[in-house]
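One line per chain: the protein sequences are A and B, in this order.
Residue numbering for the first sequence follows my numbering, starting at 1 and increasing by one per position.
Residue numbering for the second sequence follows my numbering, starting at 1 and increasing by one per position.
FYI, nobody ran anything at the bench for these hints, they're computed from the structure.
A portion of the hints provided could be inaccurate.
Unchecked claim - Cβ pair distances, simulated, as ranges:
| # | chain 1 | residue 1 | chain 2 | residue 2 | range |
| --- | --- | --- | --- | --- | --- |
| 1 | A | A13 | B | G191 | 48 to 54 Å |
| 2 | B | G89 | A | P289 | 42 to 48 Å |
| 3 | B | M192 | A | D41 | 56 to 62 Å |
| 4 | A | E108 | B | G191 | 36 to 42 Å |
| 5 | B | D20 | A | K280 | 28 to 34 Å |
| 6 | B | L258 | A | G12 | 25 to 31 Å |
| 7 | A | V186 | B | D213 | 41 to 47 Å |
| 8 | B | G28 | A | Y239 | 27 to 33 Å |
| 9 | B | E106 | A | G47 | 48 to 54 Å |
Claimed, not checked - Listed below are several chain B residues computed to face chain A (Cβ distance under 7 Å; list not exhaustive):
| # | residue |
| --- | --- |
| 10 | L15 |
| 11 | L92 |
| 12 | E131 |
| 13 | A134 |
| 14 | P136 |
| 15 | S139 |
| 16 | A169 |
| 17 | D179 |
| 18 | A180 |
| 19 | V224 |
| 20 | G228 |
| 21 | R233 |
| 22 | T238 |
| 23 | D241 |
| 24 | A246 |
| 25 | Y252 |
Said to hold, decoys possible - The calculated DSS-like cross-link candidates involving lysine-lysine, where the alpha carbons are at most 30 Å apart (straight line), are:
| # | chain 1 | residue 1 | chain 2 | residue 2 |
| --- | --- | --- | --- | --- |
| 26 | B | K143 | A | K240 |
| 27 | B | K2 | B | K190 |
| 28 | A | K240 | B | K47 |
| 29 | B | K47 | B | K196 |
| 30 | B | K143 | B | K190 |
| 31 | B | K47 | B | K2 |
Don't be surprised by glycine CBs; every beta carbon is placed ideally from N, CA and C.
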Amino acid sequence: MSMLVFLEHDAGAVSPGSLGVLTKAAALDADVAAVLVGGDDLDAVAGDAGRHGAATVFTVADAFPSPLPGPRIDVLAELVRTRGYDTILFSNSVLAADVAAGLAARLEAGINWDLIDLDLRDDQPVGLQPMLQDSVVAEVGWRSSQRVALFRPGSFEAAPSAAGSAPAVESLSVEFSEHTTAARVVEQSRRVDEGPSLGDADVIVAGGIGLGSPEGFELAEQLAAALHGAVGATRAAVYKGWYPPSSQIGQTGATVAPKLYVALGISGAVQHKVGMQRSKTIVAVNKDPHAPIFEFSDLAVVGDVHTVVPELVELLRKHAG
Amino acid sequence: MKIAVCVKHVPSGTLRMRADASALDRTGPGELNASDKNAIEEALRLKEGGAEEVVLVAMGPAAAIESLRTGLGMGADRAVLVDDDAVAGSDLVATSRVLAGVLAREAADLVLFGQQTSDGGGAVLWAAVAERLAMPFVSQASKLTLAGTNSGNVVVERETEVGNDTIEATLPAVVAVCDAINEPRYTSLKGMMAAKKKPLDTLTASDLGLSADTVGAGGSQTVVLGTGAPPARTGAVTIEDDGSAAQSIFDYLTERDLV
Numbered sequence: 001m002s003m004l005v006f007l008e009h010d011a012g013a014v015s016p017g018s019l020g021v022l023t024k025a026a027a028l029d030a031d032v033a034a035v036l037v038g039g040d041d042l043d044a045v046a047g048d049a050g051r052h053g054a055a056t057v058f059t060v061a062d063a064f065p066s067p068l069p070g071p072r073i074d075v076l077a078e079l080v081r082t083r084g085y086d087t088i089l090f091s092n093s094v095l096a097a098d099v100a101a102g103l104a105a106r107l108e109a110g111i112n113w114d115l116i117d118l119d120l121r122d123d124q125p126v127g128l129q130p131m132l133q134d135s136v137v138a139e140v141g142w143r144s145s146q147r148v149a150l151f152r153p154g155s156f157e158a159a160p161s162a163a164g165s166a167p168a169v170e171s172l173s174v175e176f177s178e179h180t181t182a183a184r185v186v187e188q189s190r191r192v193d194e195g196p197s198l199g200d201a202d203v204i205v206a207g208g209i210g211l212g213s214p215e216g217f218e219l220a221e222q223l224a225a226a227l228h229g230a231v232g233a234t235r236a237a238v239y240k241g242w243y244p245p246s247s248q249i250g251q252t253g254a255t256v257a258p259k260l261y262v263a264l265g266i267s268g269a270v271q272h273k274v275g276m277q278r279s280k281t282i283v284a285v286n287k288d289p290h291a292p293i294f295e296f297s298d299l300a301v302v303g304d305v306h307t308v309v310p311e312l313v314e315l316l317r318k319h320a321g
Numbered sequence: 001m002k003i004a005v006c007v008k009h010v011p012s013g014t015l016r017m018r019a020d021a022s023a024l025d026r027t028g029p030g031e032l033n034a035s036d037k038n039a040i041e042e043a044l045r046l047k048e049g050g051a052e053e054v055v056l057v058a059m060g061p062a063a064a065i066e067s068l069r070t071g072l073g074m075g076a077d078r079a080v081l082v083d084d085d086a087v088a089g090s091d092l093v094a095t096s097r098v099l100a101g102v103l104a105r106e107a108a109d110l111v112l113f114g115q116q117t118s119d120g121g122g123a124v125l126w127a128a129v130a131e132r133l134a135m136p137f138v139s140q141a142s143k144l145t146l147a148g149t150n151s152g153n154v155v156v157e158r159e160t161e162v163g164n165d166t167i168e169a170t171l172p173a174v175v176a177v178c179d180a181i182n183e184p185r186y187t188s189l190k191g192m193m194a195a196k197k198k199p200l201d202t203l204t205a206s207d208l209g210l211s212a213d214t215v216g217a218g219g220s221q222t223v224v225l226g227t228g229a230p231p232a233r234t235g236a237v238t239i240e241d242d243g244s245a246a247q248s249i250f251d252y253l254t255e256r257d258l259v
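This is chain B alone, in the form it adopts within the complex (with noise of 0.2 Å):
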């Protein structure tokens, strides 16, 4: 069995735009997202549970090679990262082009990602790659395990707004996983020492048989058409508590017709 995780590489520290308001500033430092290492953490259980082979996979500027040798230090075997100005800007929709053209040629059993990217994009990403790779999905897994013959299926226990699920789908199949499903282990010295040996493949969009209109900013259906800054609260009031603090939320409150 072999696992992929789709990985991103994120700005660490505060988030800025551009100057010209565009788009996020991604020049400075950068780190492996969040939510990601619960995917690649998740990845190498089944690997420890007998998967064979666990790849990580990335689309971004060549900074982001560093998130991948995090990721491959943790025990990941290997990654594929696609580094090319034709993909830079891309969108939901031309990133997902991007990841599904790698994960057609790595033909992973199982495609994991993290919930969410500390950068505010492609929340939603997974179920763009899974249906593009034809392939079902499930995503807010807080529990994954392999049943079926040959352990051919994924089941999944997850928490949506009106109860728990149980659901069940045939592999191949993508999977997001929440951050409640585990806890990631750290990098260890020695772990970023065989990181270093570790096979690391970078990739173009022509590599994978996309032509550049079909990605980047100019394949992308979404545009930033101009930035703002959102409207201030006014009018806040501050009180200490004297022993009539619940009578004046209270009065606060009815006043308002919040009652």
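So that you can see chain A by itself, here it is in the shape it has in the complex (with noise of 0.2 Å):
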């Protein structure tokens, strides 16, 4: 078995997702490769891989900075066909789901989704994948002999390793499709905010209904800045226009699993409760003392967030300092 994994990169530093799949990577395969397509700052980027275990990582600097799936699974099909990488993986993101399901069409070859762990079992790979609103965790195999796998982002710690040597980086050159060319970008705007992005965040404060209005969602901002971490809202939050898409964690929005999830003002639907509920450490704000999110969190605040997120918030910038 030979492993690659994609690396998602964005402004000089690769995704903390891709960087835990590829510490995850290293420790069941020593000669694991990553590869880094378009961008700038490949060399400097490629130490960090090197850092997470990859022994090689490849580069495609030319062309398709911009996050384009067709381009890349064009490079990862060349470097399956001319390397002979046989396991290539994922950290889950808006890109990386449409690479790696494209990859998985062209090379004929088995994908598993939603992982949240991998292992080995008589050298095979075996995928831990949650089912049924994570109500049931099923194992799942490949019957190819060349296996996509795509993880849920958080399922696993980005360690750089002591020992981690500088990777033998190469740069390639590959000629691109007709058709994953076929599409471009026209215009392109970053978000301004910054902090972490929802996927690759250690903490997430999430905020619902119970906020009570567009403006509520100030306090999950003050709270998630204080804590570091990225500001998440439920469907029914995003369906009344108080905060983007972008944003919105569930069954038809992100799925996540930070260190430390904060949710304030939501009831906890099973739709909100598939997208965090493997989150490590929960922490709920709820003025219902019968809301269903409280049976699922590890600290359950019976409250109004409007009287106990200020004074937390305040308690966490004094700690701060």
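Join the two chains, each given in its own frame, into one complex according to the hints.
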């Protein structure tokens, strides 16, 4: 078995989710390779990949810095064809999911997604996949000789290794297909808010209808800032236009598993639960003592977010000095 | 311009595993997958803007006809269902082969998908289908317009983790829409009556020239080895705010090194 990890990177940094998957892959395959497509400072970024266990880093510098999946499918398929990698791993994102599924079809390879762990059994990879709104966990395998695996962000901790030596960096030139280059980015804007994205955040403060208004989300923002986290929202709050769709967590939004998830005024409908219940620690604040979210919270606080949160923000600010 | 919309008949209500825990139980009542209604709605809006035809494409058991009738009731023109025991149990790669087989016959200019299925299967199916059809694809569309000479391009606005993109693709293309793109119309009684008279064709794998060993469970490249219960959450603490809740949360977080 020979592993290749697709690294998603932006502004000179690899996403923590990708580095987590790389850390895991390096534990299973000491010769694991990683691939970086497009963007600047690829050598510096490759060094980061090396510290997380990549023995080899392939870089494709020319063209397509924009996040289009097609050209990335070409790059990975070329590496599989010419270098014999047979197990290709991704940390889930809009881009990674598109690349992974396209690659699976190109290779006729099995794809398992939404995985939370990977192990070897008789030298064969076996994935762990939560199903049925996470009420069941399935062990899944591959029958094809080539395998594609897509992991839930937060499944693995990104751990730089002290022993990590400088990786062999190889710059590639790939010929792109006609159809993969038939889509182009005509305009792109970066979200200006600083701080981690939902999938990568160690801390997420999420708000629901119980915040009462769009202004109520300022509480979530203040608490997120104090905890160095990202802000999420329930579908109901997004639907009301209180917070942008990119912040939506749950069945029709992102699935996250941060170290700390703080739910403010969220009832905990199953559609939301499926998106966050694998968070390591869940703290919920809700006025309703019967809110379902308390059934899967580590710390359940029956109280008014409008009084509890400002006090908590104040305590955290004092603590930070 | 012809638009194909890929839709799925999904179990309604609570999802269950089969008694042998090998797969999802699909024997109960079902319905049209909610996200697919956004894709149908978008196709119907394009038709109101001048597109000629909207065709629904599905793979599933005979019960899926019910979901296709729902989509026809919304206003789609006709539907194609691949109903064949040979395709049952297809994984993502095998399903994409079947759908691509139908779509190749239909030769649509634009193929639309909803952003996900409520039964957890195939959230990224569009990319596999597009790759098989050798078409460009764009996901997460929150706005879709036609542009270029003879409306030969599709322009998609979308939001991702890092920001907003506007992407233009040459038709034919595959686009997956997110549920923020529109508000799907309801099916009127009149629409449902009309739907009964609209063409609904059923096909088999062999109609599509697919041999049985390349589709269904036998043609799938992934396998469920077993299922178990997830680890339970233990040691939960409940507090009622008596004025000290903020301090309690702060203490809880600092004790666990989360601040």
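Hints and how they fare:
1. A13(A) - G191(B): 48 to 54 Å: Because 51 Å falls inside the window, the suggested range holds.
2. G89(B) - P289(A): 42 to 48 Å: 45 Å, holds
3. M192(B) - D41(A): 56 to 62 Å: 58 Å, holds
4. E108(A) - G191(B): 36 to 42 Å: Distance hint for E108(A), G191(B) holds at roughly 40 Å.
5. D20(B) - K280(A): 28 to 34 Å: Taking Cβ atoms as reference, D20(B) and K280(A) lie about 33 Å apart, which means the hint holds.
6. L258(B) - G12(A): 25 to 31 Å: 28 Å, holds
7. V186(A) - D213(B): 41 to 47 Å: 43 Å, holds
8. G28(B) - Y239(A): 27 to 33 Å: Between G28(B) and Y239(A), where Cβ atoms are some 28 Å apart, the hint holds.
9. E106(B) - G47(A): 48 to 54 Å: 49 Å, holds
10. L15: Given a least distance of 5 Å, the restraint on L15(B) holds.
11. L92: Hint holds; L92(B) Cβ to chain A Cβ min 5 Å, cut 7 Å.
12. E131: Since the shortest Cβ distance to chain A is 4 Å, the answer is holds.
13. A134: Interface hint status for A134(B): holds (4 Å vs cutoff 7 Å).
14. P136: 4 Å, holds
15. S139: 5 Å, holds
16. A169: Holds. Min distance 4 Å.
17. D179: 6 Å, holds
18. A180: This interface hint holds because 5 Å falls under the 7 Å limit.
19. V224: Holds, because the Cβ-Cβ distance from V224(B) to chain A comes to roughly 5 Å (cut-off 7 Å).
20. G228: Where the cut-off is 7 Å and the nearest Cβ of chain A is about 6 Å from G228(B), the hint holds.
21. R233: 6 Å, holds
22. T238: 4 Å, holds
23. D241: 3 Å, holds
24. A246: Cβ of A246(B) sits 3 Å from chain A, so the hint holds.
25. Y252: 5 Å, holds
26. K143(B) - K240(A): 18 Å, holds
27. K2(B) - K190(B): It holds: about 24 Å lies between the C-alpha atoms, which stays within 30 Å.
28. K240(A) - K47(B): Holds, because 29 Å separates the two Cα atoms, which is no more than 30 Å.
29. K47(B) - K196(B): 20 Å, holds
30. K143(B) - K190(B): 29 Å, holds
31. K47(B) - K2(B): Cα-Cα ~9 Å, so holds.
Consistency with the previously given hints is maintained throughout, with no hint failing.
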